[in-house]
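Participant: Here the protein sequences come in this chain order: A and B. All residue numbers in the first sequence are consecutive under our numbering, ending with 191. All residue numbers in the second sequence are consecutive under our numbering, ending with 359.
Hints listed in this document are in silico derivations from the structure and should not be mistaken for laboratory results. Incorrect hints may have been included.
[What the hints assert, rightly or not] Quick list of simulated restraints, FRET-style, between CB atoms:
1) A:Asn29 to B:Glu226: 40 to 48 angstroms
2) A:Pro170 to B:Phe205: 33 to 41 angstroms
3) B:Val219 to A:Asn165: 39 to 47 angstroms
4) A:Arg39 to B:Val219: 18 to 26 angstroms
All C-beta atoms, glycine included, are put in the ideal place defined by N, C-alpha and C.
Chain residues, written in single-letter form:
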Amino acid sequence: MLGRILEREYQGDDTPFTDEERATLKFVNNRLYLHKVLRINYTSYDMKREQDSLNPRTHANIMMLSHDDDRHPYWYARIIGLFHVVVRHPSSINPLKFDVVRVRWYGRDPDSNYQSGWRTRRLPRVGFVEYTEDDSSSPAFGFVNPEHIIRGVHLIPAFHHGVTNELLPPSNSARLPSEGDVDFNFFYVNM
Amino acid sequence: MLWNFSSLKYFPSFVDRDMGMRFRGGGVGHKSTREATDSFLTDRHRLDIHSAVDNVEAEDSDEDSCDEEGPSNEEEHLNEEQPAVDVDEQNMEEGDYDTDRRDEVEEGERENDSGEEEDWEDESELEDEPESDEEGSDEEGDLRDDALGPDDGEVDEDDIAILGFAAF
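The whole structure should be built from the sequences, with the hints applied where relevant.
Facilitator: Structure, rendered in structure tokens:
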């Protein structure tokens, strides 16, 4: 959020802010305003305008441009919360409104033997990033500027690889009630 | 699209044309993500490459795609194995594509393959054979790699112009 006010270039969630920097940001009335649906406009390959309607319940998976050195150009994430906030910052006289998407990140399959793409005739495979208390590992959750979302994406659970409860402890906010306390190990990105 | 559905363990269907192009690269409406997705332009199955080049040949047989780029890594690799192979530009312009080339591309891929993919490779090899019988000259194996090699890091704009539109 602070990065957006200061107009820094988004590089993923790695850019740290100091506590002093964070303290300059004040949430008006200490409120988050929840939303049900996010609609993303995008340009299709043939220059037509398209819109994806996304929500945490039924169309939750998104893709955005990758900001690391991986050969694969996209990042994938599941929307787990949509809200807007109104904040005050010394850089602006008026309160600022921001739309924010809370996501749970998918990571690329760590198995380096798995190759995807047209040449190998395999779909890209992703799985949830494992949640750890350790700050140095890649975060399982993040906040995303909706402007960075390219469009929704269809992820096919890899039923063959089964489910696991090791990626995240039981959570009411990150999973749907219907999912129980388990996640699929892998998903295939439908393309 | 030249997917061989029967050899896949899951059945893919395209989400829509736009999503297909997001992963294919080169969509005119995808200008904002163009730079990041250009790497997809070299990610082609070998049958795909064949059909793309053949289309170009059909449209414009004078097109000379031999001198586009220097040798790729994979090509050097192939040359070490088979030093007897020469580049014959005359044949290239006449538009003959042949069995040898197919086999070489296949070999190159197989080196990169991981073990789990061996089985479907074999399957698709069988499918190739009736096709390749029709065509018949030698010694052009590496030209194909020059035009659209799977390991080429970059594709010239010319390459995209020549091959891209035919492929799409």
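Participant: Now tell me, hint by hint, if it's right for this structure.
Facilitator: The hints, checked one at a time:
1. A:Asn29 to B:Glu226: 40 to 48 angstroms: Given range 40 to 48 angstroms: holds, Cβ gap about 41 angstroms.
2. A:Pro170 to B:Phe205: 33 to 41 angstroms: holds, 36 angstroms
3. B:Val219 to A:Asn165: 39 to 47 angstroms: Given range 39 to 47 angstroms: holds, Cβ gap about 45 angstroms.
4. A:Arg39 to B:Val219: 18 to 26 angstroms: holds, 24 angstroms
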